[in-house]
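Top to bottom, those sequences are chains A and B. With UniProt numbering, the residue at position 551 of the first sequence is 551, and numbering never jumps. With UniProt numbering, the residue at position 78 of the second sequence is 78, and numbering never jumps.
In case anyone wonders, no lab produced these hints; they're calculated from the structure. Please note that a few of the clues may not be correct.
[What the hints assert, rightly or not] Covered stretches of chain B (in silico footprint by chain A; criterion: 3 or more residues with CB under 8 Å from a CB of chain A, positions within the stretch not fixed):
1. 331 to 341
2. 500 to 509
[Claimed, not checked] Facing chain A, a subset of chain B residues (Cβ under 7 Å, in silico):
3. Pro350
4. Glu483
5. Ile484
6. Ala486
7. Lys491
8. Val590
[To be verified] Output of the computed footprint for chain A on chain B, the stretches with three or more beta carbons under 8 Å from beta carbons of chain A:
9. 146 to 160
10. 594 to 603
Cβ atoms here follow ideal geometry from the backbone N, Cα and C, with glycine treated the same way.
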Amino acid sequence: MAIDCLVLGAGQEVGKSCVVVTINGKRIMFDCGMHMAYNDHRQYPDFSRISKSCDFNNAIDCIVITHFHLDHIGALPYFTEICGYNGPIYMTYPTRALAPIMLEDYRKVLVDRRGEVEQFTSDHIAECMKKVIAVDLKQTVQVDKDLQIRAYYAGHVLGAAMFYAKVGDSAMVYTGDYNMTPDRHLGAARIDRLQLDLLITDFDFHGICLVFQFTFCKCYNSEIEYRNSLFIDYAAAVSDTVDYIIVSYLISLPCPEMEALAFGLRSTYATTVRDSKYAREREFLKAAASSVLHTAVASILSFVVIIVVHKCVAGGGKVLIPAFALGRAQELCILLDDYWERMNLRVPIYFSAGLTIQANMYYKMLISWTSQKVKETYNAFDFKNVHNFDRSLIDAPGPCVLFATPGMLTGGFSLEVFKHWAPSEMNLITLPGYCLAGTIGNKLMSGNPTIELEGTKIDVRCQIHQLAFSPHTDGKGIMDLVKFLSPQHVILVHGEKPKMATLKERIQSELGIKCCDPANNESVCIPSTHYVKAGASDAFIRSCLNPNFQFLKSGSEEKSVSGSKCTEGTLPLWIKDERVAEGILVLEKSEKAKVVHQDELLLMLGEKRHEVQFAYCCPVNVDELEKFTTTSLTPTARMLRDPNKSSLIRLLVAKLSRKLSEGNIQDFGEHLQVESFHLSVCLKDTCPYRITNGLEDKPRTAFFCCTWSAADDKLARKIISAMENRDLVET
Amino acid sequence: MSYLIAHWTFRHSQSFLHCQMIFIKLYARKILILKTGRSPMGMLGLPFLTRMEGFSAKIYITEAAARIGQLMMEELICMNMEYRQFYGAEESSGPQWMKWEELELLPSALRKIALGEDGSELGGGCPCIAHVKDCISKVQTLRFGEEACYNGILIIKAFSSGLDIGACNWIISGAKGNIAYISGSNFASGHAMDFDYRAIQGSDLILYSDLSSLDSTEDIDQSSFSDDNNNWEELMNSLSNYDESVEEMEKLAFICSCAIDSVKAGGSVLIPINRVGVFLQLLEQIAIFMECSSLKIPIYIISSVAEELLAYTNTIPEWLCKQRQEKLFSGDPLFAHVKLIKEKKIHVFPAVHSPKLLMNWQEPCIVFSPHWSLRLGPTIHLLRRWSGDHNSLLVLENEVDAELAVLPFKPISMKVLQCSFLSGKKLQKVQPLLKILQPKLVLFPEEWRTHVSFSDVTSFSVSHYSENETIHIPSLKESAELEIAADIASKFQWRMLKQKKLNITRLKGRLFVNHGKHQLLPENEPGGSSQTRPFLHWGSPDPENLLAELSKMGINGSVERCMTDAESEDGFTVKVQDPEKSMIEVRAAVTVISAADKNLASRIVKAMENILEGI
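Extracted from the complex, chain B is given alone in its bound form (with noise of 0.2 Å):
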């Protein structure tokens, strides 16, 4: 068995979709396993894919992400809807920098094995909400830590990055090993499950992915990890500790007391919404905030799905952080939102123009909506009222480009804050990462070999890939494990080959592919007799030797050399007259018996395994 993997990642620059797959060959065979990455931001582009005529490919993703990401999908759809009845439907009736760009295909061989032979190319415009529903039917959710069996032959299981909500590290495991891809990970997130980085532990091959802090260009200090890689624990503490959590809140701190001095200086803040983490943990820390300074400023949320999205996230303890979880066993709601909803200091409506919205509207406020490319939903409104406010606030992460986002609303008196949250494993950390993780190999990201040096790792090997290309990795194990039942062990008749010091025994029974293991059990009907004879032969006969045998059980006959067969150089027969005519004719690879009656007949084939090796 051998792999075929290939990183393919799907932009879509108009609609900012982005969508990270791994693509999994085996064997000969057509099979396509492809997952999503990173967040539930990550699965945007899949109804692209499901919509194509003749999409085969199984998908899985979690059950939080799955359910996360096709609120978001419904909800770029429903914006998408809007822009068009503003722009109309023709794409070059809308502004320039609005236009879409031609969308990356995917590699050639993965199109066949994604869409068949005649795979259809991707197509353009935007999926519709029936594409959607349609997508997700056709994906299967796990939560995790639960397996999943692809044709019997793999097991599949996601496990918490602590990067977003349901995001997650996938472990393929089959009969010969089992591969481990690692996405944008994170150690002690406020609101995802940790990174649980012990069940990637003792993977044979790590697809490391976690391209997103590529940008973090810190110097590496190796020298602090590169002694003591025996000590694993204190290792990991190092790795985990809370640096990066007390930064992080640091950050929204940051964020929250910018958007107090905007408020209290009569200004409005503008938060686009992205990662869904990332929103509630600010939402919940600005109310703080305003609580501590006595504001009554309203915050409001203008999305369509927010409503779902809010109510959603309050029940799902099994996708949260340790924190989280203690308060379900206390008894108190996971987010905050929800007692701030029921106090009515934050509102929730699903548009701009909702009636509701405009009776509550006032302003000075604190608004969240999509989206934060700045180019689709209630965004769009609001940068257009507030954009010559030098007092109002704009909250970007740093993922997008600041200067081209607000490039459409110049000239701009709105102050611009960039933050960027962790969405990754820092670079220094890498290496120890790995090493911890004990891989026999790992398959890198070509861009960052300059950055990350594996010179001095001895205990894995390491090859790098590139995007879009497809990389052979050779079997990971020579053979695969079988399971044998004890039934059939039981019965196991040992032969002992002298001359090479090997034990052998002939086996029979039923092969089961199964959960990803390979089980022998015994027959339904074991045929009949017990197969005790050996089948297979080898040797060379002598013929005084055959005599002799052929003697020792009361047969007698007479070697005749066969000279006039050309092909048959060592070639004899016996004759045998006593107790019965019969014949015995010997050559290279193949000895032929006739005899009449059936008795002499296995009394010579006896005689004949005597002089030969067999099992």
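Only chain A is shown next, with the shape it has when bound in the complex (with noise of 0.2 Å):
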């Protein structure tokens, strides 16, 4: 049995999402997405190696799409309307809620603004849409008689989920994009401990890249300088590269924004960093320096944003922040509208057209679906302070906020906009946390202060601010999953080769999972858990219940053997209750096999028990077993010149103690008993187990009865041995 896994898309790059995993014969295409860089064939998955003959309804039993993001659905309308794909499609509620809008603003895009040849219609998209089955969080989906999927919440943006796939006993999970903190208005990633043979995560690095772009911030000044080396020392005190940035940010931050920092970071911490004095500030670093920070990286961050921008439009500046028509625009808004709430701020917030007021209606109707803290308020998508942006306000005098489509400035209104107010000192930009090469974002990004626009240069003079919102997942979340998890394969997709390598060997140098990153159109082969079914009997299941005590001395054999100075009262006792399972498996013809106890063997069969045992009259010179244990016993005890049984039996497992490590020696008093191995004291002038010659005429020699069954023979041997001091070394 094998997993098999096609990486159709984001195969050690960002882009166009798209992986065929074959379990046991059942076929599951995860993710359809677009790659946005490219225009030709390599925009879209090579679907041809799916299936040659292009018939994808045989080739495929269901296709999962985990969020709306176009790298990961972008394909899904092409794949069903072009390509004739007509089999099922999970999602969940916000992803098959969202999805159209994104398409179908992408379409717009192409369409309408860049003049391209549209690669699928609105009534594509919406055909493609009436496929879909929506799924909840955790509900148990039975796709076919033997195909099981679940989705798990993933944060990252709304409606975004990982999901478990489980075809006879193999199971893996898919995760998509996910984070493993919780931002403002989404929640942390949660899934249930699975048994898997297969996890396929989404290695992304947006996040952590650029938040080092923080140091946009021009506010640098002596003071800095020294703050800078602070948060050195905080730095060797974090390992985690998300939080080394973030610090450095804050605390370039000139007084007032820390102030107004403040505000914000009271709540959270209930630590003042209003007068910037160092001492305070350290506490404030080693304050953040806790696990607290970690989790509220992303509110930190998003308050930065506001800050920036209320900054702007405190100064009569304009703001325009270019985003897609769902997920960060609706993030940020909440923040906004809540802070100018707060603030009693009259500046006014606009949506423009793209951007409808619409999609609000959504996150409405999908509040379930954030965080814990949005949900507790019913009304948190009813923005107070934001209004349709139209054409005209464009040149309109005074500040305001405004939110446009496309994100990444790749063309239409928000591009417009971008013309008129970019050459302005007074006005700020704030940029998607990620833009593609290519786009005009990402030229702003890397600082050319002239921007070429359709022959005419623009002179970009305004503050351009990076988002930076990390709704991706970071190497350590990757690792506290894929630890979490402990499937027994991991690949990484959907990340750049170099920085999947590195992980790659940390998941399999630290956590001993194998790992691989393949590229596009490889195909990887992973072995498969398959079980063998059997009936089993109450009696065999009783008998696995049963408590199986092993009490061990934490000492190994060979330590105390060399002699070391720990004394038999210093050695802690080890408990160890490993119950064993054990049982017989039948097989009769033409019949399910069993498994049964092995009385219920006997009487399946209709036969009696016979046993074999052993039996040996063990000879130990009473002189010999004194010398070695006077060191250890009491001068009482030596006095003993005439042992009784008892006497004799404690001589015997003061002895045996210190030199067997296994095994729980137990004393009765009357006899003595190792597992199965069972002592006592022989008085009889004839002992029918007395088969040693000679040894009857020493004087002082005590004979000892024992019998074990075969089962511990090893044992059995071993202890007697030891009391006839064949195997003496330090005696």
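Both chains are sitting in their own frames, so use the hints and assemble them into the complex.
Here you go:
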């Protein structure tokens, strides 16, 4: 049995996620994304690799979409309407609701504004969506008799889910994008501890890479230098890159900003950073170093954004926030609206036509998919300060904040506004966390002062701020998830090759889990779990649940033999209760295999048990015994010249417990017992089990009659050797 | 494993609590699983149980039912407090018709399970808000189709029943089969997600408790279903046809037109809130009717929890029917009330004495308010006001005894409209449905024995149960399913037993009981040597055979019959001289080998194994 994993997209790159997995004959396509940076055949996954004859309905059992971002869903209408896939498509309710908006938005940008040939029409999107089956979180969906899928909360964007798939005994999880820490409007990813053969995880370092660019802030002064040295101290204390950079940004803010930040932070940390005395800062940094910061990374980032926006509008500037229709716009808008309320600001916040307020309606109905905090307020998406934007307002005087599509300034309305606002120093442009190479957004990020647009040069003099929301997972997040799930294998996708290689190494060396990062159109084959099924009798199950205590001395055998100084009294006792299931598998012709307890087998056969035992009457020199034990015995014990039964046993126990590392020696006074090994003093003159000759005559020889079952033969022989001093090394 | 199933209905006449539960006891241990069935209304009695000391049972409820149920409980308590302010805390001081009745007690066996041996009796008196909070905190909420694992041995899942928002049927599955609990179910709902019968298909046991349509005494036409029990698809279509939903819509429309007639005549309409789904649908329909007849009559909702309830119901697309989900996908609100409130066609107030309501108040009007019993909440005040007006209208559900309900307000000239909404499957659909679900065993309510006959059913057996009675169900399967890891299976050493035509092999590992499954996984540290030698022997050794086997191994000895021991009649002893002195003592059930040398001993054992059968 094996799992075949064909990576059609996002193999060692970012964009067009698409993985086709075959588990026990069932074929699932996870995500069907498009690559935003290409306009040719490379923008879609190479579907011909799934089926040469392009008969996708027979080649694929179902499609699973993790979230509504175009690099995860962009190729879906093309695949269903142009390539002709008609089978079921699964996604969460929010994704089902929001994906058409996202796709339509993108189609418009392509066709209406860039003038490209459309790959699919509005009707295609609508038809495609009819094939979708919406699922709830944790709902176990039976795709067919054998295939089972289940969605788990992934954070990242509204409705994002990780998907579990199970066929027969083989199971896997495909994560899509996720984040392991909660942000302002979404919770952290949550998944059960599952038994997995394979984990395919998105590896996306956008968040971290781009947080570096915080140093856009232009407010250095001499004090900052000193503060930077402070944060290097701090950086040594925290290993996580994200925390490191945020702190660097915080302390590079001049005092007024720090104050505003303190306003936001006070509730979170109950720490005031109002007076920027160094000692105070050090204290703050220490507080931040605690785990609190890690979970609040996103909220600190968002406060930073708000402060920057506030500063701009306070100076009479206009703020342009290019964004895609859904996700970040709503996320940021919650924050701004909330802040506007609290600070009693009157500056208008606008949504451009593409970013309909209608989208907020969706968010309202899907509020149960947001974080606990947002959920508790039923009206989080009832924005009080948000209005629709009209083209005539572009050159209207006075400050404002505008959310406009598309993000990354790829064209359309946001670019139009950019042309008007970029030349003024008062204005601010807040770019999304990630801008693809080749886009205007990307050029701005790399600090280009002049942008050429359709032949005209634009002198960019406005401030540029990079949104540093990091709703993608980070290295630590991936490691945490992999460790938590402990799958048999990990496949990394959706990341740049060198960075993934580093993480791959870590997963293999630190967690000991096999890991690979296949390139596009590569196929990976992974062995999968298979169980043999049998009926189990009640008696067998019961016998398995019986306690099986084992008492072990902590010192290993070699240690005590080599004569380490620890005395018996100080050795801690280890108690082990490892229950062992032992039974017999019976295979009768034309009947189901059955596991029974051994007593049941005899009943089935109508036979009686015949036990095979060993017996041995072992001679021991009493003097030897006493000599050996005097060191640890009390004088009264040494005084025993005529040893009775129980004192002999006691002497023997003392001796054996020093020599034996295994087994639990139980002293019952009259006899001693180790597992099935039973020993008692033999006073008979002629014992049938006294086989050794010539010892009877020796003085001061005591005989011990031993019996044991065949199972414990090895142990019993060891005990007997010890008794007969045959293994004596130290005396 | 045997199941002990008891069906228990909890009724508290004064506070109109109704709580249905099933208890399931597994093995001999103290385990209780308690569930509330039907609609969110079905859990109102829970705080009575959970507030008792020593309550330790696990409670599972769907997420939506828990949320709505909590709101309902809070409202009930709020109304009860108001009532006590009005009539005083002493129960005797209230009017006679408001008397508390004795609580029906749990059957004693179940009380022990639920509360431990010294469980106290269910206390009287209404629970308080703290009790409700505490109750909700003890509940584990589930989504439809979510698997909850109880103690590793049971998987519990809820599937929509279509009766009300969050109402569900349950499936409990373990290694030894699964039980489905079917409560009132509805094939085509106008609000809640449809009855998910596919999930229930193929259960071993169905506990059928759809008791609600008992009053529908239509003749059952079985002939149409009895022949073709193979054609399930067709059967299913005939069951889930849209007649029912059309019928329901017609009922709603009728109520609406009656209401419109009343307000046109200058009277007001009072609609006590009962089931949430019906309430929301009625609200929508009345608003549409008003629009059509271009009436400008205010609609008031007077309830302490209405605002939260209305807001909540607009955020739960996952729990609603297909048509409502389509609204989400097209960006429209799930229920029309969102728009109606914004347009100020519906006004929501927490209480009759809210200042805003008093300022806003207009008559005639349409009022939705609790409580349907007409013994609590704003309905009392409004009834007093309108009972004399023959143009006004009171809408009651059939579940309520209308005669009894309006008794305190007599003489009453107000019109009373009684309507019955579907609260379960119709009787004639029961048998075909069960046939489709293909269980092995059906537990059917005793009260229905005369209504539904299973005499012609061969595919499953039927037992009847009564309320507050315990039934023991024999094990559904003989043995539990065990999954053996491939690592273990690859090391099997099969041994053929010729006389019985059996293949047997020893099996060793660690047993995991996890997520309702038994799994045998390899041991952590395989105990050193691979244990190939058998430890279980049977058969009776014969002295000649033994000597022959021994001599093959170069061991020579002589047989001595031992006559001294009375018990060992068949016993004999082999004295070995060569290669070393040793002894083999063979008795009926045991052989004792005595040899000083380890190797010699193991050779003798081998010889013994050759003449004995073993594993």
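Verification of the supplied hints:
By the rule of at least three residues with a Cβ nearer than 8 Å to a Cβ of chain A, the coverage given for the stretch 331 to 341 of chain B holds, with 4 such residues. Evaluation of the coverage hint for the stretch 500 to 509 of chain B: fulfilled, as 10 residues show C-beta separations to chain A shorter than 8 Å, against a requirement of three. This hint is violated: Pro350 of chain B has a C-beta 15 Å from the nearest C-beta of chain A, more than the 7 Å allowed. With 7 Å as the threshold, the beta carbon of Glu483 of chain B comes within range of chain A, its nearest partner Cβ sitting at about 4 Å, so the hint holds.
The closest approach between the C-beta of Ile484 of chain B and any C-beta of chain A is roughly 4 Å, which is under the 7 Å cut-off, so the hint is satisfied. Look at Ala486 of chain B: its Cβ gets to within about 5 Å of chain A, closer than 7 Å, so that hint holds up. A cut of 7 Å between beta carbons decides the hint on Lys491 of chain B: the least distance to chain A is about 12 Å, and the hint is violated. For Val590 of chain B, the shortest C-beta to C-beta distance to chain A is roughly 4 Å, which falls under 7 Å, so the interface hint holds.
Residues of the stretch 146 to 160 of chain B lying with their CB closer than 8 Å to a CB of chain A number 3, which satisfies the three-residue condition for coverage. Only residues whose beta carbon comes within less than 8 Å of a beta carbon in chain A count, and the stretch 594 to 603 of chain B has 6; three or more means the coverage holds.
Violated hints for the displayed structure, listed by number in ascending order: 3 and 7.
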